[in-house]
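*Asks:* Chain by chain, the residues:
There are 2 protein chains.
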Amino acid sequence: MNSQEMIRKIARPTDSKIVMLVIDGLGGLPFPETGLTELETARTPNLDKLAAGAISGLIDPVAPGITPGSAPGHLALFGYDPVGCIIGRGALEALGIDFKLQPGDVAARGNFATVDSRGVITDRRAGRLSTEQNSKLAKMLDRKTIEGVEVIVRTVKEHRLVVIFRGQGLADEVGDSDPQQTGVAPLEVTALNQAAQKTAAIANRFLAHAGETLADHHPANTVLLRGFSVKPEHATMAENYKLKAAAIASYPMYRGLARVVGMDVLPTGTSFEDEIETLKQNYDKYNFFFVHIKAADEAGEDGDFAAKVDVLERIDGALGGLTGLAPDVLVVTGDHSTPARLRGHSWHPVPVLISSQWCRPDGVKSFSESACIRGGLGKQPAKAIMSLAMANALKLNKFGA
Amino acid sequence: MNSQEMIRKIARPTDSKIVMLVIDGLGGLPFPETGLTELETARTPNLDKLAAGAISGLIDPVAPGITPGSAPGHLALFGYDPVGCIIGRGALEALGIDFKLQPGDVAARGNFATVDSRGVITDRRAGRLSTEQNSKLAKMLDRKTIEGVEVIVRTVKEHRLVVIFRGQGLADEVGDSDPQQTGVAPLEVTALNQAAQKTAAIANRFLAHAGETLADHHPANTVLLRGFSVKPEHATMAENYKLKAAAIASYPMYRGLARVVGMDVLPTGTSFEDEIETLKQNYDKYNFFFVHIKAADEAGEDGDFAAKVDVLERIDGALGGLTGLAPDVLVVTGDHSTPARLRGHSWHPVPVLISSQWCRPDGVKSFSESACIRGGLGKQPAKAIMSLAMANALKLNKFGA
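Just so you know, the sequences run in chain order W and C. Quick note on numbering: the first sequence equals residues 18 to 418 in my numbering. Quick note on numbering: the second sequence equals residues 18 to 418 in my numbering.
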């Protein structure tokens, strides 16, 4: 019996409610002149009060020293082995725009991009064209059939699109056409094994067709593809935890991730206040809510320490709407750290608090990286948080006689 | 090489002595008005003094969030993987009454129970009949032979008994007859696979025979069976650690668990003082002692905070008899938490201290849940404690060149 089988065996359905608030990119690094991280700089009286009555600690999303992408970061928080459950970027992107991938589909993430007269990439994002313009161009490319394979093209946002190949005998072991740099030509899509040769050939034919079709639409005069991937098959949160789970997230990828593990994805607005309103409206219908806030990560990726501080203060200010619902268990954490100083995801462990009436006090009085080092949860793999949330919601039976 | 193989490779037999004192259900939760757990409320100057010279920490018996039964809780303390080593309830119960299970035996845990004239269960414990009465009735059922299978019936305590099926071609993949509720009829024992059909048939014939035999012995007019299981086969403590190990425990299940891992089970009395006397009498004959105290768990299960505090103070008061023997290593911990507020086992990590002359000081001055958060052992899986005890007893060679 492995640990997932154990949890399945002892999980029980109850009415108690768990809310998992994921502040994307929560963890940070100190601002050199103050020695305080973004979270330590922000005035967060509500999070601090919550931490004082909760049990706190730090989580490693994947493993010590590993900087996670969004997918492993979230899968770990949902209790899955983040190393064993890789989801391709293309599949994620498709799921994130509510596209229903079918078994056998191969999805790739795409960019509209600019090439010069020699075919060299000059802008990987085609001047970040508008979503409306993207939508017009995507329609021109959509639903071409190549050798019996249907190629479905969907707009994501700005320059981003997703391309789904649907037909017999496709495989996702193919390389990217996107070289992820400018100044070079796009790559030919290559098959990484025999079974993927058909897919590579069709992808190259589609890309040639896209180049011809878009020739006169500078700056969006080509398409780059990467992250070819099939539909991921994961056990659902209902299967693993007997939970009725809902996701409240405005950003497509996180909606897609939630769908991968079988959550209902609720329509919501883009602000934290909108998300709390969605939570209130649906509070009686589910017993697990994943609430995702993207803005902290965006500020970190922009290298904007002050903006990240501001995001955290705004979250704290709106927190009362969530705590007012008095969920049996409230988890506050992040899927990874995004220190403004590093302008990207990092490996630093992420603060976590679990608030419930069954928490043993740990003397932590504020919610911050340095306070959480001394928390009663100690250092945990992120994967352990779901078990702890389930336990604190009294949703796990005793294991063994 | 897995970790058990590694330990086997480096363990060496020495005369140094390890005493592992397991206070069943040790960990707790705060009493709301004081914010202090049972252990923090109890006056325990001797344990505190021990902690000041020891290294402390918290252990997760099975995994974060998992509430363990007694068997996984103890197997982990003995250094076994608690998820990989499941022991059936029937086998445990048989081992706990000193019954020598043979390979091929199938044991089930039984209750004398009451059914009404329609065959509906009205009391799963037959009014908790006396152990004497149980003994008389068990003799009436004992040693019946059905299709060449001998059915051995043994009294455990009050309404509880154990039934052992001994013969060729038996298997333990059968369901329970005990529905674990009143107001319904007992279940027919069903085979979960082809190999278990004979066992199911014989169990049902035995249960019919028991019903007839007990018809006039209301309230104990039927038998319910659950937890069918074969003799567990585990590597012994001698094989894994080169230890000569003895168990001092008064409660049957813990004696059974010790026997599963090959310990000698010493006759002893029911009080901690009795157990210390047994330890003294046998101190020269072994180099590892498992000493088990049940009372703290019982008080916790009863929801009696004050009684649990009292038990802990009494243990502390008698501790001098044990520390006076000056074992090379003294481990004090529990197999799981049993907070009085939860009236049962819980998932909360358990305080542990390891006292030896080779401990690195960690600044912990008292033995409590909150003090142990800051202990030098940090948070460990319970399974790690045996290696640490062995190391501190200088019973492990260097690993690798």
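FYI, nobody ran anything at the bench for these hints, they're computed from the structure. Honestly, I wouldn't trust all of these hints.
Which copy is meant is left open, so a pair is good if it fits within one copy or across any two.
[Claimed, not checked] Computed list of lysine to aspartate or glutamate pairs in DMTMM-like fashion (alpha-carbon distance at most 20 Å, straight line):
#  : residue 1 : residue 2
1  : Lys415    : Asp98
2  : Lys34     : Asp281
3  : Lys396    : Asp379
4  : Lys26     : Asp98
5  : Lys66     : Asp333
6  : Lys117    : Asp345
7  : Lys415    : Glu318
8  : Lys161    : Glu190
9  : Lys161    : Asp32
10 : Lys311    : Glu149
11 : Lys156    : Asp115
12 : Lys382    : Glu330
13 : Lys382    : Glu205
14 : Lys415    : Asp193
15 : Lys26     : Glu190
16 : Lys34     : Glu164
17 : Lys161    : Glu50
18 : Lys174    : Asp327
19 : Lys396    : Glu149
20 : Lys66     : Asp193
21 : Lys26     : Asp291
22 : Lys156    : Glu256
*Asks:* For every hint, state whether the structure bears it out.
*Replies:* Verification of the hints:
1. Lys415 <-> Asp98: Classified as between; 17 Å across copies, 23 Å inside a copy.
2. Lys34 <-> Asp281: within (15 Å within a copy, 47 Å between copies)
3. Lys396 <-> Asp379: both (14 Å within a copy, 13 Å between copies)
4. Lys26 <-> Asp98: both (18 Å within a copy, 17 Å between copies)
5. Lys66 <-> Asp333: Result: close within a single copy only, 11 Å intra versus 36 Å inter.
6. Lys117 <-> Asp345: neither (33 Å within a copy, 47 Å between copies)
7. Lys415 <-> Glu318: For Lys415 and Glu318, only the inter-copy Cα distance (14 Å) is at most 20 Å; the intra-copy one is 43 Å.
8. Lys161 <-> Glu190: Answer is neither: 22 Å inside a copy and 56 Å across each miss the 20 Å cutoff.
9. Lys161 <-> Asp32: This pair counts as neither: shortest intra-copy Cα distance 48 Å, inter-copy 48 Å.
10. Lys311 <-> Glu149: Neither way: Lys311 and Glu149 sit 23 Å apart in one copy and 68 Å across, limit 20 Å.
11. Lys156 <-> Asp115: within (17 Å within a copy, 68 Å between copies)
12. Lys382 <-> Glu330: Classified as within: same-chain Cα gap 17 Å, cross-chain 31 Å, threshold 20 Å.
13. Lys382 <-> Glu205: Classified as neither; 56 Å inside a copy, 56 Å across copies.
14. Lys415 <-> Asp193: between (48 Å within a copy, 18 Å between copies)
15. Lys26 <-> Glu190: between (35 Å within a copy, 17 Å between copies)
16. Lys34 <-> Glu164: For Lys34 and Glu164, neither the intra-copy (50 Å) nor the inter-copy (53 Å) Cα distance is at most 20 Å.
17. Lys161 <-> Glu50: neither (57 Å within a copy, 71 Å between copies)
18. Lys174 <-> Asp327: Neither: 25 Å inside a copy, 65 Å across copies.
19. Lys396 <-> Glu149: neither (46 Å within a copy, 52 Å between copies)
20. Lys66 <-> Asp193: neither (48 Å within a copy, 49 Å between copies)
21. Lys26 <-> Asp291: neither (36 Å within a copy, 39 Å between copies)
22. Lys156 <-> Glu256: neither (38 Å within a copy, 46 Å between copies)
Of the numbered hints stated above, those contradicted by the structure are hints 6, 8, 9, 10, 13, 16, 17, 18, 19, 20, 21 and 22, listed in ascending order.
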